[in-house]
Structure formats: structure tokens, C-alpha cells
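Protein chains: 2
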Amino acid sequence: MKKLINDPGDVLADALTGIEKARPDLRVDHENRVIYRSTPKDQGKVALISGGGSGHEPLHGGFVGRGMLDAACAGEVFTSPTPDQIVEATKVADRGAGVLHIVKNYTGDVMNFEMGAELAALETGVEVATVVVDDDVAVENSTWTAGRRGVGLTVLLEKIVGAAAEEGRDLAALTDLAKKINADGRSMGMALTSCTVPAAGKPTFDLPEDQIEMGVGIHGEPGRKRVPLAPASDIARQLVEPILADYAFGSGPAIVMLNGLGGTPLIELYLMYGEVAALLESAGVSIARNLVGDYITSLDMQGCSVTVLKADDELLRLWDAPVNTAGLRWGA
Amino acid sequence: MKKLINDPGDVLADALTGIEKARPDLRVDHENRVIYRSTPKDQGKVALISGGGSGHEPLHGGFVGRGMLDAACAGEVFTSPTPDQIVEATKVADRGAGVLHIVKNYTGDVMNFEMGAELAALETGVEVATVVVDDDVAVENSTWTAGRRGVGLTVLLEKIVGAAAEEGRDLAALTDLAKKINADGRSMGMALTSCTVPAAGKPTFDLPEDQIEMGVGIHGEPGRKRVPLAPASDIARQLVEPILADYAFGSGPAIVMLNGLGGTPLIELYLMYGEVAALLESAGVSIARNLVGDYITSLDMQGCSVTVLKADDELLRLWDAPVNTAGLRWGA
Numbered sequence: 001m002k003k004l005i006n007d008p009g010d011v012l013a014d015a016l017t018g019i020e021k022a023r024p025d026l027r028v029d030h031e032n033r034v035i036y037r038s039t040p041k042d043q044g045k046v047a048l049i050s051g052g053g054s055g056h057e058p059l060h061g062g063f064v065g066r067g068m069l070d071a072a073c074a075g076e077v078f079t080s081p082t083p084d085q086i087v088e089a090t091k092v093a094d095r096g097a098g099v100l101h102i103v104k105n106y107t108g109d110v111m112n113f114e115m116g117a118e119l120a121a122l123e124t125g126v127e128v129a130t131v132v133v134d135d136d137v138a139v140e141n142s143t144w145t146a147g148r149r150g151v152g153l154t155v156l157l158e159k160i161v162g163a164a165a166e167e168g169r170d171l172a173a174l175t176d177l178a179k180k181i182n183a184d185g186r187s188m189g190m191a192l193t194s195c196t197v198p199a200a201g202k203p204t205f206d207l208p209e210d211q212i213e214m215g216v217g218i219h220g221e222p223g224r225k226r227v228p229l230a231p232a233s234d235i236a237r238q239l240v241e242p243i244l245a246d247y248a249f250g251s252g253p254a255i256v257m258l259n260g261l262g263g264t265p266l267i268e269l270y271l272m273y274g275e276v277a278a279l280l281e282s283a284g285v286s287i288a289r290n291l292v293g294d295y296i297t298s299l300d301m302q303g304c305s306v307t308v309l310k311a312d313d314e315l316l317r318l319w320d321a322p323v324n325t326a327g328l329r330w331g332a
Numbered sequence: 001m002k003k004l005i006n007d008p009g010d011v012l013a014d015a016l017t018g019i020e021k022a023r024p025d026l027r028v029d030h031e032n033r034v035i036y037r038s039t040p041k042d043q044g045k046v047a048l049i050s051g052g053g054s055g056h057e058p059l060h061g062g063f064v065g066r067g068m069l070d071a072a073c074a075g076e077v078f079t080s081p082t083p084d085q086i087v088e089a090t091k092v093a094d095r096g097a098g099v100l101h102i103v104k105n106y107t108g109d110v111m112n113f114e115m116g117a118e119l120a121a122l123e124t125g126v127e128v129a130t131v132v133v134d135d136d137v138a139v140e141n142s143t144w145t146a147g148r149r150g151v152g153l154t155v156l157l158e159k160i161v162g163a164a165a166e167e168g169r170d171l172a173a174l175t176d177l178a179k180k181i182n183a184d185g186r187s188m189g190m191a192l193t194s195c196t197v198p199a200a201g202k203p204t205f206d207l208p209e210d211q212i213e214m215g216v217g218i219h220g221e222p223g224r225k226r227v228p229l230a231p232a233s234d235i236a237r238q239l240v241e242p243i244l245a246d247y248a249f250g251s252g253p254a255i256v257m258l259n260g261l262g263g264t265p266l267i268e269l270y271l272m273y274g275e276v277a278a279l280l281e282s283a284g285v286s287i288a289r290n291l292v293g294d295y296i297t298s299l300d301m302q303g304c305s306v307t308v309l310k311a312d313d314e315l316l317r318l319w320d321a322p323v324n325t326a327g328l329r330w331g332a
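Just so you know, the sequences run in chain order E and F.
Each step along the first sequence adds one to the number in the working numbering, with nothing skipped, and position 201 is 201.
Each step along the second sequence adds one to the number in the working numbering, with nothing skipped, and position 153 is 153.
Bound-form chain E, shown alone:
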């Protein structure tokens, strides 16, 4: 295993030190592994928190900041954050108007966020609402999930609902918006290679040189099937078709993310975006906004995922609103 790390047991702690040093607008509660804004939003506004296992950077800590999240709790690599972490994140973010928990649909995450919400409410009386993201069309259940997995759509949801929260919408309205986004977005991913979890020291799975994993999960869990390595245009088709088969995007505007899984360079992501955009356009989808880069990763895995979200003028307005985080930044 070749990685830029110190002790494999210290990867998360050391990475949190780094992001805190890089971002003067963030603070880190190192004991509880909670990343939060050094200048909180105004009292009376709803706070957004998220979290999950580490190894998906910039998700979620890299999306804390003006225009997106108020706090994130970081579990160990590929391990759900504990209820205690979620309680601390909820408390530090709360500005008296309730807290929205944004949870990717993995069994441990859902359970711990549920417990964290209950404990936080008991301790402080804070009102917590939850949205569970389950956008991955690849598999119905997986090693880590009952139901569909929550993947790339989480990034788009955190951006858009984050913008709405800055505007001062109430908890019920933000929860509705988040649920609408989850209903209208779909994702699918694929891996060229496995990732290597630092504590394990070896690849999570074996993938022959001539095969790829179609529908892979962000922890390296199996997807739909292994298929032969193919040209990018063919891989793009295998990603886009299941998304279009699952949801009728129609001809309205859409936001599209071509996401790298951590080990794939930008030249390949640009190339894949060209293939994916052409397929979506020929299916009638009108791409109004796009993201190309590493936004929800799986450590050093080579591969990519596609996310498509049906949008409207209001969603695009919120998308364009200023954001200033490590992972997404514009207009601020």
C-alpha cells in the first residue's frame, strides 16, 4: 500500500488537521470529529448537517461553509459516525430554528442519525428533520444497504438546500425541497479498480485487468455486474441508460455531475463528460448546469459516476447562489 499517510490509524485525524489548516472559515472539534463553520449563520436560520464514513472527500467536511452545510461529522474510513458525533454536530450547528439531517441511505448511517436526532432532541429540545438520499439506480439492496444507496445526488442536494437555508426558509420547507430533489435525481457509478482502505492495507476487491465493475458502490461494494473493459463511449452508455430507464427526465433542464471516484485524472473525466453529455442530449435532456471533478469519492478508486437531477428555474437559481466551501466555490 502506497499512500501519503502517517500511521494508518491516524488518517482521519491527520486529514481533519489539514482541512482545518487550509480553511480559516472552518473549525474542527477533534474529539468528536465534527467540522463546523467558524462564523455560524445567523440565529433563527435552519442548520444543515450531514456526515458519514470518511474516504469520500470532499464529501462531507469539504462541503461545510457558506451556502452549504453548517456542520459535518466524520466517521472513520467507510464507517458510520456514532450517534454521539451526530449529537455534537447537531448542537454546534443549531441556531434555534431546527436542524436538517442529510443522510445517505446506508443502514448504519440511517440508524445512527436516527438515534442521534432523538438524543439531541432529548438533550436540548432541538427540532430535527431528516432526509435520506437514495439515488443509486445500480442495485436495490447491497452489502451496506436496505434499499437504494445514497451517492452523488447528496452533493447536489447539499448545495441547493444549503442555498435555500441561507435565504431563511423554515425546516418544513427545506425538508420538502430536499425530498423533492431526492425524488427527482438518479445516479450510477463504475469502477476500473478497487480502492484500498488504509487500515486494511490491501485492495478491497480484486478486479481483473480486463474487467470493470458496473454499478459499484462508494465503498467498493459490488454493483450490478462485472463486464469487460470497454471504450469510454460504451461505459458512458452503460451508466446513462439505467438512469434514463429509471426516471423520465423529459426535456426540461437538468443538472448533471460527472464525478471522479478519487484516482481518475481530470483528462479522463472531461472525456467521459463529453460522452455522457452527448448521450443525455440525444435522449432529449437539456443540461443547464454541470459539475466535472471529484466530489464524492471512494479513496483511491479509479472510476466515475454520473448523477442527473431534473431542475427548474427555482432550483437553478439556488444552484447559482454563492457558495464557499473546500469542495464547491463560486460567487463568494
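Hints in this document: simulated from the structure, not taken from any laboratory.
Just so you know, these numbers come straight off a predicted model, no measurement behind them.
Treat the hints loosely; a few may be bogus.
[Claimed, not checked] Just so you have them, the derived chain E footprint on chain F, three or more residues with Cβ under 8 Å:
hint	region
1	150-163
2	226-234
[Unchecked claim] Distance condition first, Cα-Cα at most 30 Å in a straight line; then the derived BS3-like pairs of lysine-lysine:
hint	chain 1	residue 1	chain 2	residue 2
3	E	LYS225	E	LYS310
4	E	LYS41	E	LYS180
5	F	LYS180	F	LYS310
6	E	LYS2	F	LYS225
7	F	LYS91	F	LYS45
8	F	LYS41	E	LYS202
9	E	LYS225	F	LYS2
10	E	LYS202	E	LYS225
11	F	LYS41	F	LYS310
12	E	LYS202	E	LYS45
13	F	LYS225	E	LYS202
14	F	LYS2	E	LYS2
15	F	LYS225	F	LYS91
16	E	LYS225	F	LYS202
17	E	LYS2	F	LYS91
18	E	LYS180	E	LYS91
19	F	LYS202	E	LYS202
[Stated by the list, open to error] Only part of the chain E face toward chain F is listed, based on derived beta-carbon distances under 8 Å:
hint	residue
20	GLY18
21	ILE19
22	LYS21
23	ALA22
24	SER54
25	PRO58
26	ILE235
27	GLY262
28	LEU266
29	CYS304
Note that beta-carbon positions come from the ideal geometry of N, C-alpha and C, so glycine has one too.
Chain F: place on chain E using the hints.
Below, chain F without anything else, positioned relative to chain E:
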């Protein structure tokens, strides 16, 4: 070789198609492989162009846009752009106030930009000035260079001089600014793994599982020496010490970039930034701004580089000015 590509000979053409689709503010001259702004800057302002071999994305095409470059010409992977490409980029970018060529110090690039500048001047009478970037402290000469190589500082230079060009400074002033930045910045990189050039189909060099290449070039050319794989804190020290030994950064403000070489995930880059920042701070360097991410890459190589630029209030003001490109975006 596992990559998200079609025919290995089409990688550049296909990636250019993708970036053009992703960025409505860019146009691509596919015949000449020149990326330029769809809305050029005002007549009477100096244009900035750069270029070089592909495989270093987002450099340079990803830095074309408001606040940075006006055009970039993309050579084949790890191959200098031809004089003809440079002429076309110069012509498309020229707004009547001269064109600054930003050239990384590689023998082929320097020669072809020199020829391109002469040809463009002959053809159209455009005034061209050139700055050659040579910030890499690792080696004095290399397989690809006479003198020091031009690496990460190019990104910082393109941002700062780009901001000054938007303000309307003349060609002489911008050339002076660019030369000052080149004089005051230093870089050093290292590789955990080789990269694989698509047309070659196999790793450029062999690096045993327990060794790293210290001072590696962005084409995989050899660095200072091979050393044993070490903890991140030790690798950081081996990168920072030669930089500090080469230039007296003093206690004034500095801009620091912790750059990923393409295959290294953000969790490791955040971690490395923590180590590098701590070392620089303990040496008295005051980090005023930073970048952490993939900005000048070497295809899928795993590894990172450090760039440090001495700054002052004026440089920081230009750094903070709005920029809107695929690779760097804020305030716009």
C-alpha cells in the same frame, strides 16, 4: 492499461470535446487544439496565453476564462504544442494590446513558443512578450529541460497575472509582474507511482512498492533520488526543506499550493497539506492563502507537489480577484 478513454490516439480530441461541452464560456478550435473564451475580453486589453503538452489537466485549458488565460494550446499528451498552434492561439486571443506567452521551462515548449511568437508577429504584427517559468528546485537539468523545470508556480502565475490583465495593465507591466512571481516562487514534487501514457499503454517507469521518486517531474522524468516509502510527515519534510533552502521566504505572507498529481485522493492531499503547512509555519512562513487539490497533474500519477510563492498585499489582492475557469473559480 485501464482508463476511461476511447482510442488511445483520440484522448486529447475527446477530452477537448468534453471540456467544451462542460463550459459554455469556452470554445475549442478542434483543428488547432486551441481553447479560447467564447466572450473575449475587451479590445485594448493584453491577452494571456499558455499551453504545453496535455496530461496536466486542469492546466492549461482548464484555466482559460475570466480572470486567467485568454487561450491555451494543447499539445498531444506530454508533447509540446507546435508553433502553428501557438500562432493560432495568439491570433485568437489578441485584443490589440499585445499577448503574453506563459511558458513552462521545457526545451520543446520554449523553442516552439519562441518560433510561434516570431511567426505570429510576422503574420499580424502582434506584440508578444514571454515569461518562462522555472520554479522546480528538484533538479538543475532533466531529460526534458535545460535549467530548472516549470511546474506548479505556473498555476499561481496564471491566476495573478490574469487578474492584473483584466484590470487593463499593459504588456510591459504584466511581463514584469510575471517575472517577479517566477523569481519569488519555488516548487518540489514526489511520486508514489508512475503515470501511464495512453499511447504507450504501460507505466512510464518502474517504482518498487517500497520506494518513492523524490523530485519527480510532471512527465514522470526522474527526480533527485529514489528513497524509501516514508510517513507523510517525513515526505513533507523532504519536499519543504529543499524549497526553503533555495529561497529565503522570510516572515512575510505566502501563497501555498499542495497539488495532487492526478491519482491521489483528496483525503491524502488534505493530510499532506496539514504536514506541509505545519513545517512552513514552524520555519516562519506566514501562509496567507492556499490551494489544495489537483491543479497541475501527470495523468494518473499518485503523488503530490508543493509550491510556495512569497506574496505581498498587492499579490494577495490580485489572488482574491474574481476568477471563473474550470480549474479555479471564486467571486464570479
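Each hint, compared with the structure:
With 0 residues having a beta carbon nearer than 8 Å to a beta carbon of chain E, the region 150-163 of chain F misses the requirement of three or more and the stated coverage is violated. Counting residues of the region 226-234 of chain F whose beta carbon lies closer than 8 Å to any beta carbon of chain E gives 4, which meets the minimum of three for the stated coverage. In summary, the hint linking LYS225(E) to LYS310(E) is supported, as the alpha carbons are separated by about 27 Å, within the 30 Å threshold. Between LYS41(E) and LYS180(E) the CA atoms are separated by roughly 24 Å; this keeps the pair inside 30 Å, and the hint holds.
With a C-alpha separation of about 10 Å, the suggested pair LYS180(F) and LYS310(F) falls inside the 30 Å cut-off, and the hint holds. Distance check on the hinted pair: LYS2(E) and LYS225(F) sit about 17 Å apart at the alpha-carbon level, within 30 Å; holds. A C-alpha spacing of about 14 Å is found between LYS91(F) and LYS45(F), which places the hinted pair at or below 30 Å, so the restraint holds. For the hint linking LYS41(F) to LYS202(E), the alpha-carbon distance of about 51 Å lies beyond 30 Å, and the restraint is violated.
For the suggested pair LYS225(E) and LYS2(F), the alpha carbons sit about 17 Å apart, so the restraint of at most 30 Å is met. Restraint check for LYS202(E) and LYS225(E): the C-alpha separation of about 22 Å stays at or below 30 Å, so the hint holds. Of the supplied pair hints, the one linking LYS41(F) and LYS310(F) holds, its CA atoms being roughly 29 Å apart against a limit of 30 Å. Our distance criterion of 30 Å between C-alpha atoms is broken by LYS202(E) and LYS45(E), whose separation comes to about 45 Å.
Distance restraint check for LYS225(F) and LYS202(E): the Cα-Cα separation of roughly 27 Å lies within the 30 Å cut-off, and the hinted pair is therefore satisfied. Taken as a hint, the LYS2(F) and LYS2(E) pair is honoured in the structure, with Cα atoms around 19 Å apart against an allowance of 30 Å. Pair hint LYS225(F) plus LYS91(F) does not hold up; C-alpha atoms about 42 Å apart against a cutoff of 30 Å. With a C-alpha separation of about 27 Å, the suggested pair LYS225(E) and LYS202(F) falls inside the 30 Å cut-off, and the hint holds.
For the proposed pair LYS2(E) and LYS91(F), the alpha carbon gap of about 46 Å is over 30 Å, so the pair is violated. For the suggested pair LYS180(E) and LYS91(E), the alpha carbons sit about 26 Å apart, so the restraint of at most 30 Å is met. Using a Cα cut-off of 30 Å, the hinted pair LYS202(F) and LYS202(E) holds, with the two alpha carbons roughly 22 Å apart. Here the hint on GLY18(E) is kept, as its CB sits about 3 Å from the closest CB of chain F, short of 8 Å.
Hint status for ILE19(E): holds, given a least beta-carbon distance of 5 Å to chain F, under 8 Å. With its C-beta approaching chain F no nearer than about 5 Å, LYS21(E) sits inside the 8 Å limit, and its interface hint holds. With 8 Å as the threshold, the beta carbon of ALA22(E) comes within range of chain F, its nearest partner Cβ sitting at about 5 Å, so the hint holds. A least Cβ separation of about 7 Å between SER54(E) and chain F falls short of the 8 Å threshold, and the interface hint therefore holds.
For PRO58(E), the interface hint holds, since its Cβ comes within 8 Å of a Cβ in chain F; the closest pair sits about 6 Å apart. Contact between ILE235(E) and chain F, as hinted, is supported at the beta carbon level, the nearest pair being about 7 Å apart and thus within 8 Å. With 8 Å as the threshold, the beta carbon of GLY262(E) comes within range of chain F, its nearest partner Cβ sitting at about 4 Å, so the hint holds. Evaluation of the LEU266(E) hint against chain F yields a held restraint, the C-beta minimum of about 4 Å falling below 8 Å.
A cut of 8 Å between beta carbons decides the hint on CYS304(E): the least distance to chain F is about 6 Å, and the hint holds.
Checked against the numbered hints above, the structure violates hints 1, 8, 12, 15 and 17; every other hint is satisfied.
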